[in-house]
Amino acid sequence: MASKPRTLYEKIWDAHVVERREDGTCLLYIDRHLVHEVTSPQAFEALRIAGRGVRRPDLTLAVPDHNLPTTARIAPDGSRLPIADEQSAAQLDALEANAPAAGIRYIDAVAPEQGIVHVVGPEQGFSLPGTTIVCGDSHTAAHGGIGALAFGIGTSEVEHVLATQTLQLRPAKTMEIRVEGELGSGVTPKDLILHIIGVIGTGGGTGHVIEYRGAVFERMSVEGRLTVCNMSIEGGARAGLIAPDDIVFDYLEGRPMSPQGAEWDAAVAYWRGLRTDEGAAFDRSVTIDGAAIAPTVSWGTSPEDVAPISGHVPSPDSFADPSKRDAVRKSLAYMGLEPGSPLDGIAIENVFIGSCTNSRIEDLRAAAAVLKGRRKADGVRWAIVVPGSGLVKRQAEAEGLDRIFTQAGFEWREPGCSACLAMNPDKVPPGERCASTSNRNFVGRQGPGARTHLVSPAMAAAAAVAGHLTDVRNIAG
Amino acid sequence: MDKVSTIEGRAIPLGLKNIDTDVIIPAHWLKTITREGLGKGAFETIRAVPGNPFDVEDFAAAPILIAGDNFGCGSSREHAAWAMLDMGLRAVIAPSFSDIFSGNAFKNGILAVALPQDQVDRLLAVAQTDPIAIDLEAQTVTTPFQDRFTFEIDAFRKRCLIEGLDEVGLTLARDTAISDFETRVAGQKPWLVPRT
Chain D
1 MASKPRTLYE KIWDAHVVER REDGTCLLYI DRHLVHEVTS PQAFEALRIA GRGVRRPDLT
61 LAVPDHNLPT TARIAPDGSR LPIADEQSAA QLDALEANAP AAGIRYIDAV APEQGIVHVV
121 GPEQGFSLPG TTIVCGDSHT AAHGGIGALA FGIGTSEVEH VLATQTLQLR PAKTMEIRVE
181 GELGSGVTPK DLILHIIGVI GTGGGTGHVI EYRGAVFERM SVEGRLTVCN MSIEGGARAG
241 LIAPDDIVFD YLEGRPMSPQ GAEWDAAVAY WRGLRTDEGA AFDRSVTIDG AAIAPTVSWG
301 TSPEDVAPIS GHVPSPDSFA DPSKRDAVRK SLAYMGLEPG SPLDGIAIEN VFIGSCTNSR
361 IEDLRAAAAV LKGRRKADGV RWAIVVPGSG LVKRQAEAEG LDRIFTQAGF EWREPGCSAC
421 LAMNPDKVPP GERCASTSNR NFVGRQGPGA RTHLVSPAMA AAAAVAGHLT DVRNIAG
Chain B
1001 MDKVSTIEGR AIPLGLKNID TDVIIPAHWL KTITREGLGK GAFETIRAVP GNPFDVEDFA
1061 AAPILIAGDN FGCGSSREHA AWAMLDMGLR AVIAPSFSDI FSGNAFKNGI LAVALPQDQV
1121 DRLLAVAQTD PIAIDLEAQT VTTPFQDRFT FEIDAFRKRC LIEGLDEVGL TLARDTAISD
1181 FETRVAGQKP WLVPRT
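As given, the protein sequences belong to chains D and B, one line each in that order. Per this note's numbering, the first sequence starts with residue 1, numbered consecutively. Per this note's numbering, the second sequence starts with residue 1001, numbered consecutively.
In isolation and in its complexed conformation, chain B is listed as follows (with noise of 0.2 Å):
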């Protein structure tokens, strides 16, 4: 994962609540198998609509997207937070955010901000003209109006994002703990091991 530390820029207003991941990437884009390639599809039937957000000409290479409550609702394809990379996004601003979609969107070192709606409503209405900035080691999010917000992120999550860690690998060194747990549960639940 690459390191992740402040993302500057402009921000998408999308504004929209209960963004579901098959608004972000519907199912016909699913039959890849490859992580790449994926922004062409981002959004499709959004920007169907002329006049939407995405075609702004000044959100072109925007690195943020601002959202309502509860982005990224619905199934867990990871295809999703593959997209928005893939047209360059790096960061979501919303009030809430679904818990498949985070842990997805941390996979792939996309910052998920939760923020009140209140603080939400304030950056969009800023994003129509104006840059924004998210600073992970500080967790606050800036405008040029000295706005400042500050946000949680798990201090696990900050670490790997930070260090640009490799999650699969941090586990892999607790190799010990697994197996002597399994070792245990196998003497315990001998059940648990399916039929062949």
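In isolation and in its complexed conformation, chain D is listed as follows (with noise of 0.2 Å):
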């Protein structure tokens, strides 16, 4: 008899569920766990208290990223700076001390390695196709770029995967959005993510897992991918994933810890499998024509509430929705911006390039790209960029990128999360604006009173450049 057909979600829930209770509720085995130091030092806490060990360190990796500082860890000397803020510091200290005396691997906050855990996952080949991953951080939804289901947890399900290596979880429903077509030319991945959002709104994926499917996955790269999963939780899904082919396989072989050799293969015939059947059926289907996305930034406090950058600010009373039209009322008053006015011309005093979502070596390049013979505006007061890890750092600066930041005015910072969530010292002042390649444009998320319009690589480079939001596409070349 044929099996039913079923989504890639389905299939790789089901080579991992443990036991399956009456309920529906399923243990879930778990093949990788990721820990920074920010949403970690209770579990490994409680599991003292309680006398519980470990399980499976092997299958887990910890690095710090949140709470770390970008400016320089080393000193000339060679020694390593302390880090200043002190509750920053235990932090760290706990991560430090916590990893390695439960014999989990731990790349320290001057290794070469080191970076943000999403960034760094499928970096050293530790993210692998078909694998459930978790970590206590919601973009963790990002691996799904390489074929995996990855979710964000919180810090008791740390615990709880720590001590036992599974999870107790229902199965989600199943969301397909399909985007054929082209992307056009200076539109990126991150562009259709935000029109993505704005199509399905910040709830839209509650509940779901979404497959990411057609023509323009299919043709694009793997940090292309990860952007594009990444934010999956920004539209309510705690997970999104594009099916592993070839670009995957390719970009994984050889990474540190991927398989090798018979191993390898093996494994590359296993992923080969993970598609989703033809007939399988999706809760919901939602369809997007690729060709049709400009550049996108957003306007308010949520990451739906974007439009093309040769759109204007909405005026509240554009929505049907009476609490829509009151918090878009709220998102306008905090972001000062007045109805009606375009997007293009929104003047920024500050640019951050980097986090999850985009700090990879093709995000610096398209970025560079831009800058490459240009300067930021007089008007941008504070400009970074702080890759995703040591190693794309290293790589930006074998390329040179580095100096096209620089000349270009931006400061070149070490590996981190950043201002993308203002837990370190990279703060955007309150009342100030800034094109930032994060994720989030929550009230306060870049510091008290910021104001983040959320952008691409080359569209927080083009706002560098022109001292406002504006469309990349009338800067570049």
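Hints may contain errors.
[To be verified] Derived DSSO-like pairs: lysine-lysine, alpha-carbon spacing no greater than 30 Å straight-line:
1. D:173 - B:1189
2. D:173 - B:1158
3. B:1003 - B:1158
4. B:1003 - B:1040
[What the hints assert, rightly or not] Sample of chain D residues facing chain B (criterion: CB under 8 Å; computed from the structure):
5. 27
6. 58
7. 157
8. 160
9. 170
10. 257
What the hints contain is simulated information worked out from the structure, not anything from laboratory work. Yeah, the Cβ is synthetic: ideal placement off N, Cα and C, and Gly gets one too.
With the hints as a guide, dock the two chains, each given alone in a separate frame, to form the complex.
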């Protein structure tokens, strides 16, 4: 008897079910656990209090990223520079003690491989297709870009995974987002995912796992896929994924933790079967015309508040839902924007290129291509580039990108989460505006009172040069 | 986890939709290595505005919060649940919750009660002047005015909350099943163990 056609998500889920209870809840095995300094100390502490150990330290990888300053970490004499903020230092100390004590592989703050967990995982070959990947961070969804089922968890779940290597979960509903056609010139995976969130809304994917399908994703680089899947959570979906293919296999082959030799061949043979079957049903399907998407920017305080750069700040009255009208009114007051003003022309004082969404080598290349031979406008007070990892930083330096950035007036920083969430000293001042390649434009996200406009790396570079949000297609070339 | 049965008292009628976890607890509060003391940072940006509902004296010790759609979206930070517990909240009523927040709330014994928008609107009105009661066993929300709304909750979560079960302990009791799974997978997919 032919088995029922299954989606990619269902195949990965089924392969990880340890036990299924009558009520549908499953004990799901976790293949990969990424741990960072901010959401893990309370989990390790709870294990200590209960006298419990870490079940599979070999499937766990720890690296600090959220809280680290992005200024120099090593003094000219080679010694490690202390972290000024006492609480941040204590959090880093906790991870440095907890991970090795449990036998967990630890990439320390000054290691060349250090970086944002969601950049490091795929880069090291720790994240693999068809695996279940969790981390105490909602942007774990990023790893879906290599065909993994990856999602963020809370600290109690971090504790649960450390102790049992499993989670108690119910299967999600499935949602297909199909993008056909071709993205126009100057339109990037970031513009695409911002547009998608605008279409489905910030709660549109709640309860679902998204599979991104169609020609646009089949042609997309791994970096682009990681960007798209990363922001699935901004559309409410805990996970988003793309079927793995040769583009992914080529990216992963030879990475430090990737399988080798006969094991690599066996893995690839298995991964080739990880596709949604013909005739498999999704609970919800959305189709988008890739060619109709323009460079996209956010204007409000929710990632669903987006518009093409050629558009205008909307009027609250243009929204049908009364609670959305109210929210937009509050958003525009916070953002200091008037309904009807053109988006192209909104002056910015800060530019942030970085975050787990857009800090990989392709992102830096795209921004550098716009900045080459140009300089940031006088009105741009602060512009920083924070590479996603030490390896991205080295690669960019080998390509001379760092000099393009510094000559354009950008600061070239050490890897970490930085101004995406402003836990470390990198903050946007109150009332100032930032063109940011990060993922959230929430109230206070980049610092109290900070006003965030989410953009692609190329659009961030264009904004730096112009001193205001602008269409990169009018600058580049 | 403390046992949960009924939660009764005043409810803060916040009502906003898309309350994200950065709003519930801003990132600068996350530099802690404990779960305690986060209540003073809870809803910081909302509480900074004079006349906000958290400042109203009647709601000072309110155990319930009423919010709009998609409550708890954004970051996975469990600090959001810890901060709410620390300020005395034991339940949130909203039309919908983000998946990660509803899990974090459950793990900390906070009831995330999803009700249709019209019922939430009714409770927002009642909350201005009167208390609200949530009965987990009966799965109801009631008011002094004969309102009686029923809500859905996962049967496993309900049992954990009512009995105050330790989920990690429950799963550790399945150790044999987990070990069997690991042995089977190690044979089928030996490449799953990362190289050292």
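Going through the hints against the structure:
1. Using a Cα cut-off of 30 Å, the hinted pair residue 173 of chain D and residue 1189 of chain B holds, with the two alpha carbons roughly 27 Å apart.
2. A hinted pair counts as satisfied when its Cα atoms are at most 30 Å apart, and residue 173 of chain D with residue 1158 of chain B qualifies at roughly 21 Å.
3. Between residue 1003 of chain B and residue 1158 of chain B, the direct Cα distance comes to roughly 10 Å. Compliance with the 30 Å bound is thereby established for this hinted pair.
4. In summary, the hint linking residue 1003 of chain B to residue 1040 of chain B is supported, as the alpha carbons are separated by about 25 Å, within the 30 Å threshold.
5. Taking 8 Å as the C-beta contact cut-off toward chain B, the hint placing residue 27 of chain D at the interface holds, the least distance being around 6 Å.
6. Restraint check, residue 58 of chain D versus chain B: the minimum CB separation of about 6 Å is within 8 Å; hint holds.
7. At about 7 Å, the closest approach between the beta carbon of residue 157 of chain D and any beta carbon in chain B falls short of 8 Å, and the interface hint on this residue holds.
8. With 8 Å as the threshold, the beta carbon of residue 160 of chain D comes within range of chain B, its nearest partner Cβ sitting at about 5 Å, so the hint holds.
9. Against a cut-off of 8 Å between C-beta atoms, the interface hint on residue 170 of chain D holds, since the closest Cβ of chain B lies about 7 Å away.
10. At a threshold of 8 Å, the smallest CB-CB gap from residue 257 of chain D to chain B is about 4 Å, leaving the interface hint in force.
In this structure, every one of the numbered hints holds.
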